[in-house]
Amino acid sequence: MTANTQIPLFALLTSLLASVIIFALPEKGHRLRTSVNLAAAGLKLILVGVMVWGIFHGQSFEFAFTMLPGVQFVLRADALSMLFAGLSAVLWLLTTIYAVGYLEDSPNRSRFFGFFSLCVASTMGIALAGNLFTFFLFYEMLTLSTYPLVVHRGTRQALKAGRNYIIYTLTGGAVLLLAIAWLHGLVGDLPFRPGGHFSGLEPELQGPLTLVFVLLIAGLGVKAALVPLHGWLPQAMVAPAPVSALLHAVAVVKAGAFGIVRVVCEIYGLEAASQMGLLSGLALVSAITIIYGSTRALYQLDLKRRLAFSTISQVSYIILGVSLFGPVGVAGGLVHLVHQGIMKITLFFCAGNYAETLGVHRIDELDGAGRRMPGTSVAFTLGAFGMIGAPPLAGFVTKWTMGTGALAVGMDWVVVVLVVSSLLNAAYFLPILHRIWFAGQQQAWPHERRWGRLETSAWLLWPPLITAVALIVIGLLASMPFSPLSWVNLIVEQEVMQ
Amino acid sequence: MMQSSALLLLAVLLPFASLLLALNPRWQTIYRYCLPVLPLPALLLALLAEPGWWLEMPWLLNGGLWGLDELRRAFLILTALLWSVAGLFATGYLPDRKLRRFCVFWTLTLAGNLGLTIAGDIASFYSFFALMTFAGYGLVVHEGSEEANRAGRVYLAMAVVGEMAILTGLLMAAQLSGSAMLAEIPAALVDAEQRWLIMLLLIAGFGVKAGLPLLHFWLPLAHPVAPTPASAVLSGAMIKAGLLGWLVTLPFGQVSLPMWGNILVVLGTIGSLGAAALGVRQVRPKTVLAYSSISQMGLMVLMVGAALAHAEAAGAILAVLALYVLHHGLAKGSLFLSTAMAVPAGQGSRWGFWVLIALPGLSLAGLPFTSGAAAKLAMKEVLQPAGFGFFMADYLPALMTAGAIATLLLIWRFLWAQGQVARAGANPACMWLGWGLATASSLALFWWLPWHPSLPGIIWVASMVESAWSLAWPMIIATVLAAMAWKSVKQR
Amino acid sequence: MSASLLYALAGVALCGIGLFGFITLAHLLRKLLAFNLIGSGVFLVLVGLAQRHGEPDPVPQALVLTGIVVAIAATALAVVLIRRYFHLSGHTTLRAETPERVPGRLKPQTRGDNPE
Amino acid sequence: MILGLMAGLLFTPLAWAVLTLLSGFERSRLISWLGILIQSLVSFALWAAVASEGGFHYQLGGWPAPLGIELRVDGLAVTFVMLTAVVGGACGWHAGIYLDPKKNWHRYFWPLFWFLWAGLNGVWLGADLFNLYVALELISLSAVGLVALGGQADALRAAIRYLMAALLGSLAYLLGVALIYGQFGSLSMGGISELLPAGSGQAGLIFALVLMIAGLALKTALFPLHGWLPPAHGIAKSPVSALLSALVVKASFYIAARLWLEFGEHLGSYGLAQLVGALGGVGVLWGSWLAFRQTRLKQVVAYSSVAQIGYLFLLFPLSWGVSEAVSLQAQQGMTLQVISHALAKAAMFLAAGNLIMSVGSNRVDALAGVSRFLPFSLFSFGLAGVSLMGLPPTGGFAAKWLLLQASLGSGQWWWLIVLLGGGLLSAAYVFRVYRASFIENSDTDLFFHPSRSLEVIPMILALLSLGLGLVAEPVLSVMALPFSKGGGG
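Residue numbers (this note's numbering), protein chains in the order written: chain A, 5 to 502; chain B, 4 to 495; chain C, 2 to 117; chain D, 84 to 572.
Just chain A, same shape as in the assembly (with noise of 0.2 Å):
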């Protein structure tokens, strides 16, 4: 067990263990609770920085043994991999201290902080995750963690609200169960590999594997929320403000679309997927799904719902870029699962922070926020700004590079995309600004909450801000060597170039 092999293990039980600890541990125990979720959350920021270190420098970092007869637990940390889990280590650091501060003074924390981290134990699982089984483990682990979380609040709704998510993902789970088991049976057990194992393939096989592929694509579908299997998503906005920040701006939304990036990119290869005719079928889901997600959030009146659909069209940016299969769309959508996340995540800190220091839960009640809670209402529209794709922002490098990437294999179509999804970001998301910034206010607030001397809880200000800022550097310094821009041609040289 050399130190190559444990980190991963360590980056996985930190957060395992910590949920262990905090089951136990008395629900009165708040300090200790916090102390614990802070110390597990920086211990795996430095376990995951180490294995950056590493990789940029080309060790490699792989543990594995034989879970079943022909069946291997792998955790291996690849460039990919670590895309997605510095992502989720950083913002799991920046939301247990948002949540710490959100549920105050609100019951059975020790129940929500416990499969809190083990939501985030499985996301790092399905980051690290070496091959389709270890996959599904972990991606299975994450609904169960997640189901907690989303009824929470114990009211009707959040667990109507969870009944809808249980359904939809477990069904989800069996019909990719079902995928992964028909392409056991077919091919054997399948390591993540760049560049894919079927570029070379007897065409018999194809048939099959074309319905794997479907059936594959709509079991991680339900999670990355494309068109027919995105019903869970708007409803779980009942959830508290950091499980839905936690949920749709990292975990369980990227869940999906990682799964579909490894699929497509490190199971099938992007040249036999597109040969197999995968991609424009691909390509065709996510584009509906991304006009769909921005026209329905235009409709929304509830602010989370808004974000939720938004999250929805977002989300399927990174599917059309990997669909490009040119080096340059591909880096396109990967980028995005990064900037997405940090974007995504800083809008639900800011709805979260509205809703808990003013009460405001609707759009139209958002009327010269601006004035009461500048520092949040910036990182609103540091968030709203990059998502409508303005530079210099991270969105803009997303949508310039995935333009650029759907010009070079003459996509043309995908930019007409891209350019009515961001009008109809801007739709949806300028008049928000407006109220919060121009619009006097009207009536006084549901129910204020003070906290002396800062516009809100020192908890719940400096996360969001911290992201906003996060924005605008990445967005700045896109070419920097240690950006997600850069990190991300590193893993499309290994991926395309194959």
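Since the hints were derived computationally from the structure, they do not count as laboratory data.
Predicted model only: the values in this text are computed from it and were never measured.
Watch out, some of these pointers could steer you wrong.
Computed far set for chain D versus chain A, every beta-carbon distance over 12 Å [stated by the list, open to error]: (1) L104; (2) H140; (3) W188; (4) L279; (5) E345; (6) G452; (7) S490.
Looking from chain C toward chain D, a few residues come up when the C-beta cut is under 8 Å (computed) [to be verified]: (8) V46; (9) L66; (10) T67; (11) A79; (12) S90.
Here are the simulated SDA-like cross-link-like pairs (lysine to any residue), alpha carbons at most 20 Å apart as the crow flies [what the hints assert, rightly or not]: (13) K101(B) <-> A443(A); (14) K101(B) <-> P230(B); (15) K164(A) <-> R376(D); (16) K101(B) <-> Q446(A); (17) K101(B) <-> G372(A); (18) K101(B) <-> Q31(B); (19) K101(B) <-> G379(A).
Ideal placement from N, C-alpha and C gives every residue a C-beta, glycine not left out.
Chain A is already provided as a structure; the job is to place chains B, C and D on it using the hints.
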């Protein structure tokens, strides 16, 4: 070289640094008084630095490149000068209510405007362009009235659509040219097979900002509602950004496109004459000025069309265009500022006041010995139909004179409208200073500013004497027409 | 038709009768008797089939003996249960299902009588 | 050393039974706990012995085969002995604390418990058809006694119904044994499987096999014959119902599986295999659907047992007329399913017992608010539920994965619907219980808090079932010993 790149960075980063002043409400008075100071480093840069060097910043976006060339220097002079003068005027003009928010959006728009003038790579050019547009919205809806909000909505909707068109155009051009620099785009456009689409997108996209006919609707709505210094800057400097966008991206001098030339000339004519026709029937002085801006931009579009159609003459036309932009910016800026001035009490000083207001207007129309005359003569000189091959070439002189007449009619209309609305009273010192500087720079300082080297010799004051008549007769016709119209209005 | 085959067939017939009685009769004691009938039928089959080339085969005898012991134990347990059931509910058949008790939300008592 | 181990396995439980019969509840509880410790050590020692040297035959008391009792100690048997030790030990420990010593007939729990244990060990190790019958009877009688223990009228009705079903099943099995003995003159399974190729295909033998499998199916509560299980398991005390659901139904299935694997190729037919598989499949779907509709918590868990048993019978179609590798995969899957279901079901019943005791009513919708004040038992109930659903990383998932691979390998794709549909339906009824417990309606804590150790036992069992998924490979390797022909007798 070192100090000019430091000056460049200072010029762009100073406005962003000033945002920190917005953090604490108590500092807003300091913030108010530093508004005019912010553009000064850019002005210094424009005046001192010799053009043609670029500052590489490989770490910025996908390869940053900032710097100045001959064309950008003229635009930078205009922008910096106008913003500082308007800033000075604003310090006197602004009430304390919502001051901090105005200052924030003012500095952001200033940063955007300055940035896009000196940006050399596509990403930073487009970033600053978007920053200027979105921050401009903050200035337009500053008053918060229902009319302001509606104007803001129209402004934003058209601006966002325009931006998307520009983004697509730049994207396609950049993908063809394979590099992230603006300079490579014209070369890539020369032999692109979708050239018509890219040019359509770029012309339409920048046209929204430059006020092409059918894309100009936001202009007459936005100007009157914006606070006066904001509308001065909006009309003086920000519209020119669209023009700069064309000059930097379209393939001047590399290939002659008679078809595009004709289209632009026709659009320019419609713009200048149509705007005048609409402007004359307006009641509010600022709306009249807005239409006058559209009509002046029409003339500039005329020149752009000519430059596009006739590759050889493109260099000279661009130089004249730069001069014209400088002249129009300063004159229009001082006119806008004058709308907010109260008329002084004394009989003698009142007459002087009205003359000082009228002079920039008349210079717009081409009064001899003013900047307008210089610009008009240079334009007439360079747009000689002889060498041009495209269809509209021989109508150019006629169109120019018609444009001059239209402009003067609009000026008389503005003066009459301002007369109706002007109130007597005292003005704070800063407003006097700001307006005075603007008028002085339009009338006098114009001659000492460093012009584009390749300007034809004719425009010097000395040679203006024998061509005075050619400038004067269109003005006389316009004055006669105005008088007749004024009399008929009086009878009714 | 050797003698052993005769016993086997008789055994099978006994099993059939016993099975028929076991299923149709409702009264618990009658069911029990039917069960014993099947038991002896099976033992008869066991003995009948086991005749091997002339001399007696010890294995089936042992099996039958054990089988009888087991059958007696089972019958004894059944009788005890039926008696206790009759004593508690007064029914002699399994048919009458008492209406399902709806205990509702009882006050949690001490650890003793657990309401299962 | 082997003699000691074997004696320990079969005779010590009977000894404990007699000892506990003579003493009162407290003292017999002490004896029993000591007995559980010894039994577990013996079982573990035997497991270790088999793991190192492989399976062996053992004549009890040195008597030769036809008359003496011959035991077959191979990997599978030893694994099940180990399973019995773990689950039996946990239930014994839980019952010691859970049952109220003051009630007089509770003292008879221990003797019945030990008889049950002896019977189970007899079934696992028996190689002789008739001995299996005797052990089966021993299990049934003690199980009926346990169900009827201290119950009211409905407990007794359930016990009688259970007794009738069990006896009918045993007699059918005995008739089958009689017919086979009549044909082959030998009772040991190994011996018969050698003589089989000569007499295969005769109607009498096929009828005998069908009879035996039908009898065992009745005792295992396969779909159409499951009527007796829900009342019996639902009404009995929770440690008793845990024992019943986890181990007793598995004993009769174990024998049926052994019969099928030994005699199946020659006597069985494709139709029979598919019929049994179909009954199992329908049992899965029907049991889960009924579990979803029950109003009482223990009924939900009881019907879930009916559903999970359906999975086991998928072994029959998946190991008949298929390649050796697929059949091995199916057997491994079935074994993992048995072990993970035993652990999970025991954990679920014990946790359900705790929840009912603390809430004061056995209805599902009375669970509101328990998640806030009694999270531990609820969490173990949830973990056990996860294993039943067959979600990773639990043992249930490993079993489902192997059965999926076997059904895909053998081309019988229709079992996929049963496997996946069953998983989703079991998710339905587990999450229904979870939903009920998450409802926040009262802030006051009016729940009775059972003692800490009562809550720890189900958690241990649930974690074992969870961990089984991760260590499936070593468990399967030990288990593979018996099926290699070398190991057998």
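Q) Okay, which hints does this one fail, numbers in order? A) 6, 7 and 9
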